[in-house]
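Residue numbers (numbering that gives the first Met the number 0), protein chains in the order written: chain A, 0 to 229; chain B, 0 to 229.
Any given hint might turn out to be false.
[To be verified] Residues from chain A that face chain B, not an exhaustive set, calculated with beta carbons under 8 Å: (1) D72; (2) Q75; (3) F78; (4) Y79; (5) E82; (6) F190; (7) L193.
[Stated by the list, open to error] Simulated restraints, written as ranges between beta carbons of each label pair: (8) A:E151 x B:P185: 46 to 52 Å; (9) A:A144 x B:G121: 29 to 35 Å; (10) A:T221 x B:M70: 38 to 44 Å; (11) B:V126 x A:R105: 36 to 42 Å; (12) A:T221 x B:P143: 41 to 47 Å; (13) B:K222 x A:K173: 26 to 32 Å; (14) B:G134 x A:Q75: 35 to 41 Å; (15) B:K150 x A:N163: 50 to 56 Å.
Please keep in mind that the hints were generated in silico from the structure rather than gathered at the bench.
Idealized CB from N, CA, C, for every residue including glycine.
Number of protein chains: 2
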Amino acid sequence: MSAISNSVSLDRAAVERIVRDIVLSRGAAPQIGKAPPEAPNLVVSISARHCHLTDEHVETLFGSGRKLTPMKDLYQDGFYAAEETVMVVGPRRRMLPAVRVLGPTRPYTQVELAFTDAISLGLELPVRMSGNVKGTPGCVLVGPAGVVELKEGVIRAERHVHMNFEHAAHYGVKNGGRMNLRIVSPCPTIFEDLVVRADATSKLEVHLDTDEGNAADLDHATKVELFIRG
Amino acid sequence: MSAISNSVSLDRAAVERIVRDIVLSRGAAPQIGKAPPEAPNLVVSISARHCHLTDEHVETLFGSGRKLTPMKDLYQDGFYAAEETVMVVGPRRRMLPAVRVLGPTRPYTQVELAFTDAISLGLELPVRMSGNVKGTPGCVLVGPAGVVELKEGVIRAERHVHMNFEHAAHYGVKNGGRMNLRIVSPCPTIFEDLVVRADATSKLEVHLDTDEGNAADLDHATKVELFIRG
């Protein structure tokens, strides 16, 4: 049966899903006698497993002088899924054959996996905000031109919501605060304690990972709603 | 890189996880002046991908006269993970190399996958209660002694809670009713609308799949709680 392999198909699935977004109105009911408050349009995106690379690691993995090649824009302005993928090798040579690189490059290299991915690699991951990688597991990245041995930097990204300061004011939250996300679907779910990441320019967007998106059947959601715990 | 393969390790992980249960008290606070009502002990179990087979299919897949070999008892009395595994082949020859068989045998053959598994196979699954397989996708099962071409029977199991009639009375629910499950963990989550499956003899146990267990980080849960929507 060795001719039957799922490595290529897993890769294709990852590509198809890296930019999978669900856009649903918040479904605010119209009020009689006054105009309803304008609810910001909420996008819930699933981030499939991916990595961020430094300029130096792009050159190590893909060749001297190489830059990332944008393939598809992400919802947040200026960010993209790159053509490039890397093999992520975990303990005991378990591996994921093609993990998408997101651009632009960053001052640090970081791999973001769902727990399902991490378990298949034999890694026990901490749940961290992006960039907070001190003491996290490492891995080996293999590209067509070279190898990077990462001492730390593999995380499960903590569920979070990007927004601008106007959105934050609308919801009555601040940067670093917490909100809950209700997903109405065939598998209805409330994800609690999403971290609020508010700045001047971000679009309103929740980032979940594939475990979370699949648990809640986000693909068949009829309503998504952000709320503060009462 | 063909010497590096994750197929064996995925199998091992599935074996380790098929019987992964989280047992946590409901955390009822003691009350002064009277004994607290006795809260039933709640077990939340993660069912990794698995299949149920008919007697006939056991013989087709593993050999004439063969019976399932119990490997590990499950929490519900009389049920077990078997030594036997099958390869599940989906459309376009994508496959999962070793899906655990659960015993005892049943009047119908059924494969239960998480959405993450199904996506890797290229299958879009309906969410169904066990046994309700009419119109669901099929697959090919490959065992050491033969092959079964299943016309239907691949589902994502709907999240549910087993209990006896005393538990149902305690919670004020009936067979077929709905309850919510709160998981307090580093990734706190409420799964809504679990189906209640009440009978005379079942132990109190929630069944989630691996996507749900991983989304909620059940392994690091400090409290699990069943409740009816207020």
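Going down the list of hints, with the structure as the test:
Taking 8 Å as the C-beta contact cut-off toward chain B, the hint placing D72 of chain A at the interface is violated, the least distance being around 23 Å. A cut of 8 Å between beta carbons decides the hint on Q75 of chain A: the least distance to chain B is about 23 Å, and the hint is violated. Because the beta carbon of F78 of chain A sits about 23 Å from the nearest beta carbon in chain B, more than 8 Å, this interface hint is broken. Taking 8 Å as the C-beta cut-off, the interface hint given for Y79 of chain A is violated, the closest approach to chain B being about 23 Å.
At a threshold of 8 Å, the smallest CB-CB gap from E82 of chain A to chain B is about 19 Å, leaving the interface hint violated. This hint holds: F190 of chain A has a C-beta 6 Å from the nearest C-beta of chain B, less than the 8 Å allowed. Checking L193 of chain A against chain B: minimum C-beta separation of about 10 Å lies over 8 Å; hint violated. In this structure, E151 of chain A and P185 of chain B break the distance hint of 46 to 52 Å, their C-beta atoms being roughly 19 Å apart.
Between A144 of chain A and G121 of chain B the beta carbons are some 31 Å apart, a value that agrees with the proposed interval 29 to 35 Å. Taken as a hint, the range 38 to 44 Å holds for the pair T221 of chain A and M70 of chain B, whose Cβ atoms sit roughly 41 Å apart. The supplied range of 36 to 42 Å is met by V126 of chain B and R105 of chain A, whose beta-carbon atoms lie about 38 Å from each other. Hint check: T221 of chain A to P143 of chain B, Cβ distance near 45 Å, so the stated range 41 to 47 Å holds.
Checked against the given bound of 26 to 32 Å, the beta carbons of K222 of chain B and K173 of chain A, roughly 28 Å apart, stay inside it. Distance hint for G134 of chain B and Q75 of chain A: a CB-CB separation of about 40 Å, consistent with the stated range 35 to 41 Å. Judged by the Cβ atoms, the range 50 to 56 Å given for K150 of chain B and N163 of chain A holds: they are separated by roughly 52 Å.
The structure fails to meet hints 1, 2, 3, 4, 5, 7 and 8 from the earlier list, while all remaining hints are met.
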